[in-house]
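**Student:** Make the full structure from the sequences, and use the hints.
4 protein chains.
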Amino acid sequence: MKVGIINVTGYAGVELARLLYRHSGVEIAAVTGRSEAGRSLGKVFPHLADIDLTIGDQVGDVDLALSALPQKASAEALLPLIETGVKVIDISADFRLQDAAEYEQWYGVPHPAPHLLKEAVYGLPELHRSAVASTRLVANPGCYPTSAILALAPAVKEGLIQADIVVDSKSGVSGAGRTLGLTYHYSEANENVSAYGLNGHRHLPEIVNELASLRAGWRPAVTFVPHLIPMTRGILSTCYASLVEGRIVSGEKGKEELRLLYKDFYKGEPFVKVVDEPPQTKHTQGNNYCLIYPTLDLRTGRLIVVSCLDNLVKGAAGQAIQNMNLMLGFPETMGLEGLALYP
Amino acid sequence: MKVGIINVTGYAGVELARLLYRHSGVEIAAVTGRSEAGRSLGKVFPHLADIDLTIGDQVGDVDLALSALPQKASAEALLPLIETGVKVIDISADFRLQDAAEYEQWYGVPHPAPHLLKEAVYGLPELHRSAVASTRLVANPGCYPTSAILALAPAVKEGLIQADIVVDSKSGVSGAGRTLGLTYHYSEANENVSAYGLNGHRHLPEIVNELASLRAGWRPAVTFVPHLIPMTRGILSTCYASLVEGRIVSGEKGKEELRLLYKDFYKGEPFVKVVDEPPQTKHTQGNNYCLIYPTLDLRTGRLIVVSCLDNLVKGAAGQAIQNMNLMLGFPETMGLEGLALYP
Amino acid sequence: MKVGIINVTGYAGVELARLLYRHSGVEIAAVTGRSEAGRSLGKVFPHLADIDLTIGDQVGDVDLALSALPQKASAEALLPLIETGVKVIDISADFRLQDAAEYEQWYGVPHPAPHLLKEAVYGLPELHRSAVASTRLVANPGCYPTSAILALAPAVKEGLIQADIVVDSKSGVSGAGRTLGLTYHYSEANENVSAYGLNGHRHLPEIVNELASLRAGWRPAVTFVPHLIPMTRGILSTCYASLVEGRIVSGEKGKEELRLLYKDFYKGEPFVKVVDEPPQTKHTQGNNYCLIYPTLDLRTGRLIVVSCLDNLVKGAAGQAIQNMNLMLGFPETMGLEGLALYP
Amino acid sequence: MKVGIINVTGYAGVELARLLYRHSGVEIAAVTGRSEAGRSLGKVFPHLADIDLTIGDQVGDVDLALSALPQKASAEALLPLIETGVKVIDISADFRLQDAAEYEQWYGVPHPAPHLLKEAVYGLPELHRSAVASTRLVANPGCYPTSAILALAPAVKEGLIQADIVVDSKSGVSGAGRTLGLTYHYSEANENVSAYGLNGHRHLPEIVNELASLRAGWRPAVTFVPHLIPMTRGILSTCYASLVEGRIVSGEKGKEELRLLYKDFYKGEPFVKVVDEPPQTKHTQGNNYCLIYPTLDLRTGRLIVVSCLDNLVKGAAGQAIQNMNLMLGFPETMGLEGLALYP
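Chains as they are written, first to last, in the working numbering: chain R, 11 to 353; chain U, 11 to 353; chain Y, 11 to 353; chain V, 11 to 353.
Do not rely on the hints blindly, as some may be mistaken.
Unchecked claim - Far from chain R, by Cβ distances over 10 Å, these chain V residues were calculated: (1) K53; (2) A59; (3) Q172; (4) E198; (5) Y276; (6) G339.
Unchecked claim - Derived DSS-like pairs (lysine-lysine); straight-line CA-CA distance at most 25 Å: (7) R:K265 x Y:K53; (8) U:K277 x V:K53; (9) R:K53 x Y:K53; (10) R:K53 x Y:K273.
Unchecked claim - Just a few of them, taken from the derived set where beta-carbon distance is under 7 Å, the chain U residues facing chain R: (11) S140; (12) S144; (13) E198; (14) E201; (15) T233; (16) I239; (17) V254; (18) F275; (19) P288; (20) Q290; (21) K292.
Since the hints were made in silico from the structure, they are not lab data. Idealized CB from N, CA, C, for every residue including glycine.
**Tutor:** Here it is, written out as structure tokens:
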């Protein structure tokens, strides 16, 4: 089958190209990128020189298109494709929130295609597998939300925790994209760590909505603070919440019970691993895994869940391909078998 | 006056040497370090070659000694000095907890000098300035506790927050010291982030005890999770707590009220700056500042305080010199005037 | 076919596992590693958890064995396998020098199997493809020599340069392996660069011998200085040599002539790319390419060649698999199709 | 005395501010910076908040001005100051080359003040101390040239080496300044190394001219290749040249003779240290030292000299202050006593 990558020139776009190149079920038929249109892909990105394509301005005739454009531009570019029957996966935020007013509140512009919000499926396969498989429009989750939602979903679903939740995330700099900025200038970002988005990060509503949808009549009070740390790839989220009394046995046994509950929740999932030791982002570098370590702070009766993933793979391009596999009827892991690049 | 550095060969020790070299009130009379005894300081640490000293095994006749030994060894080395009237500052954890039983619980050995615990002063000058000035034994605070306690003290003291507190800290690798370990091997630590100490880190009781002491009849339920991030120096702590209702006005005005309250609390402090933008560890690299940014998550009614410092300066050697200045009657900032190394 | 990895616990060993896992022609039948024998591979290296193997102490019955042991231990481990007809690839230095006396001079021990030196083939496929295909014993080249020899071979072969050659190499820290050392301690290696091996690095004789073998009656005078730089993977070598007068046209045209000569030399090579812009190690991260950029310093009449590769792939495990493919009759690129992990 | 910093907003400018703040002989009277004029220094650079100054657009009435402007703009800004009798130090390249035609060839614009070229002094105090002390116009050397010239000067002066010289330099990213560019974007520069300036870097003529001036009738053929490596501060240059036969005794004794010759050459120099082990940039982080390690490649009869320094201190702001001290009659080391920030 033929797929197209819209805006191959950002980091999510090149990562799509890297992964799709080894996918045996699809062919990259077209790649677009306005600023570099007309140049060969290998000239702009030497590591992609084995892919013999010229960057164009339209994806043309494809079975499925993946958009790595920024929000607003993404929906605008996908609209005509959807109308002509092309299946699409939007890596931008345009179809992640189902409420156009909420979208406008967070993104500052009216939604470009509000009529499609209802049918868009939030592409977290672990929670919405069958809906993804049958839709024509997937909203690929944000990198932070993927790590936070997967970390908390079992606890929320099982009613283990109260509504007060803190998500403290640490991200590598590639999450900020390829666009220049002083904050991402090497000499500024290196040997430095800082918090940002303290007035509310755009990924917050995704996290809240998805968690809320797991438990009827429940709405969490999430504080989410992302941090920029000096590495290229990887997100590690540390999530905190107070336990509902009596749901988990007390003491060390509770930790074990918790871990079993998580393992059971994610049983059979190809890309979520509940691990027995606190995970490291290095173990996800370049692969599509989300590693999750749930534990208890016995002194305070608090749940702690640490999760990590590669922001460009499970946090973006890899998850998009996982969704694509579901939409096109391929095995879910196809093209995503690569192991982490360690060390 | 003459001072001695006990165990100059760890990172806190060399940092003491770097800073004391430019202190105009004291002379480094002796440096010790068992494994390197007999070698010149400049041979072992080329950047200290301007300090013409041989590493010995005793500090000899000094007015004040600073110990950068590991716990237990530190108290044992300081005991004879204290008995002969030498003022001492212990950078290890040996005198930070006032309760010998609590010490044994966290450090796994009986306390080497329990009779001195009562008189030891926790050397956080911003909270215990006058006690530091009049003691002969200072317990220099841990790096994480310094960042967490200074971040939360105003809120605790003023009764703004409830007892449920989360402290999520990110530390550069030098905090783990100069002793080798796979976790700190370059190829493992680079491009990696992980949480540790999830069953309880030794710095937790310091944080709890100091915060508790600020408010009569109140004892916080602190969850503290440290993280290792790929940089050499710096700690950034993000602290979360639920607000007590009605203590701060609601809305954006509350943020301003909060910041003023913090600024007032630290008014005149030479080394604590309440800043108007989220701080970066880079702005503390090599200097003795703790930068603090308090704000509110208006959606959830939660206090967020971000603090940062250089773990080897305000988190260790610099704070020790600040304490030394108080103990010896020097201006508190003497020898600590250097600005951050930026970028 | 069945292959075994001897000493999977070093960085070359885990990289072999990562790459072989996606090789469709072979099965990893056994992995050994003395210190971790008895543990599952996924426990020791979580990113390899998808490979269901227990670390053993013998490779057992395999068609081909790849050894990532240190020198001396490697030859000793391979000897019995060779005698029973197993094909072997030695990633250590044991079979790289054909002269046992030269081996002893550089490695400080008598050669463990001098009778095999004659038949061992230096596994640089670009220079010894057919010999590799027909041998039972391949000496996999060192990481530095691979970058230097490939950079200089065309110029040497064509008689473009005089004998005075300088090779200045910059390597990421993973080249030093997984064994701990102060030089590789994160806080020491980060934000630091240094030269080493100034009295002669063990990779020098490999470089000299291979270059000498390209031109009858010619022996180069190579100065080789490796440097350690703060990154995990990658080697970039900058090679300098004086031009033989009259072999290349003068002026800018000479640069073009040189590039064409290099492109012609490596025509059809699947893993060597002569590039038109100075290359970056980032474009080789995780892949098996060696990128080569030859140019001229017109002011001084000097050849400059910049080459780069991933020290653990084309500089170790990837090249070993390239050799394995030749020895076992697979397409040379099998299992090595992965693109670089960028950014 | 009063000094002014012109263009405080680049990395050389902020480094001047950091160092001058602790200089006891001068007061920073004014700082300029067009893009940030009107803002307080501490708002733009929080780590400089202790310096109570507003960024202006003119330095006004000062005894000496230091310019950290880019070339051309720098000479233009300094011209009126020089005419009114202010002593100036130009950190840009404008007055480094004495030949206006050579300047135009390398910098692509006619020289803004050719009439001043004759009297400008190349501010490398180790070679031009007395001239610096008596001039009103110092051209502060480039960072690369400082490391290369100091590394090679003794060998050139003593006639030890032939004219063929290779200088291979590795620089941290701060050398490229604070201006944004894809090459310096964190995700691109991190975990990456590359060569640049292969057609001739602007620092080459400085190196050639200074070395030539050390030996009558001699002109070196220098190939200079700079490299960008993933760290913030530091330059390490590895210099190679063929020995003139018979000038140094052969064998290991020659290395010792060489080292003594270098130590003698730099005897009494406060900021150049000839070291006995290969140096590391980490030992110069933040200080004004240039560390030099000369040795011989006995196999090829080649001199190797490794030198390192902090590109923003001895390579820019520190050297400027060293020059200022000479021009204003202060002890040469004043304000430059800080030790390296290690680790």
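**Student:** Give a verdict on every hint.
**Tutor:** Taking the hints in turn, this is what the structure says about them:
1. K53: Holds, because the least Cβ-Cβ distance between V:K53 and chain R comes to about 14 Å, which exceeds 10 Å.
2. A59: Holds: least Cβ distance 17 Å, greater than 10 Å.
3. Q172: At roughly 38 Å from the nearest Cβ of chain R, V:Q172 sits farther out than 10 Å, so the non-interface label holds.
4. E198: Given that some Cβ of chain R is not farther than 10 Å from that of V:E198, nearest at about 8 Å, it is violated.
5. Y276: 30 Å, holds
6. G339: About 35 Å separates V:G339 from the closest Cβ of chain R, which puts it past 10 Å; holds.
7. R:K265 x Y:K53: 20 Å, holds
8. U:K277 x V:K53: 19 Å, holds
9. R:K53 x Y:K53: 41 Å, violated
10. R:K53 x Y:K273: 17 Å, holds
11. S140: Violated: closest Cβ of chain R sits about 32 Å from U:S140, beyond 7 Å.
12. S144: The hint is violated - U:S144 has no Cβ within 7 Å of chain R, the shortest such distance being about 34 Å.
13. E198: 6 Å, holds
14. E201: The hint holds - U:E201 has a Cβ within 7 Å of chain R, the shortest such distance being about 5 Å.
15. T233: 5 Å, holds
16. I239: 5 Å, holds
17. V254: It is violated, given that the least Cβ distance between U:V254 and chain R is near 14 Å, above 7 Å.
18. F275: With a closest approach of 20 Å, the U:F275 hint is violated.
19. P288: Because about 5 Å separates U:P288 from the closest Cβ in chain R, which is inside the 7 Å limit, the hint holds.
20. Q290: 4 Å, holds
21. K292: OK, holds: U:K292 within 7 Å of chain R, min 4 Å.
Checked against the numbered hints listed earlier, the structure breaks hints 4, 9, 11, 12, 17 and 18; every other hint is satisfied.
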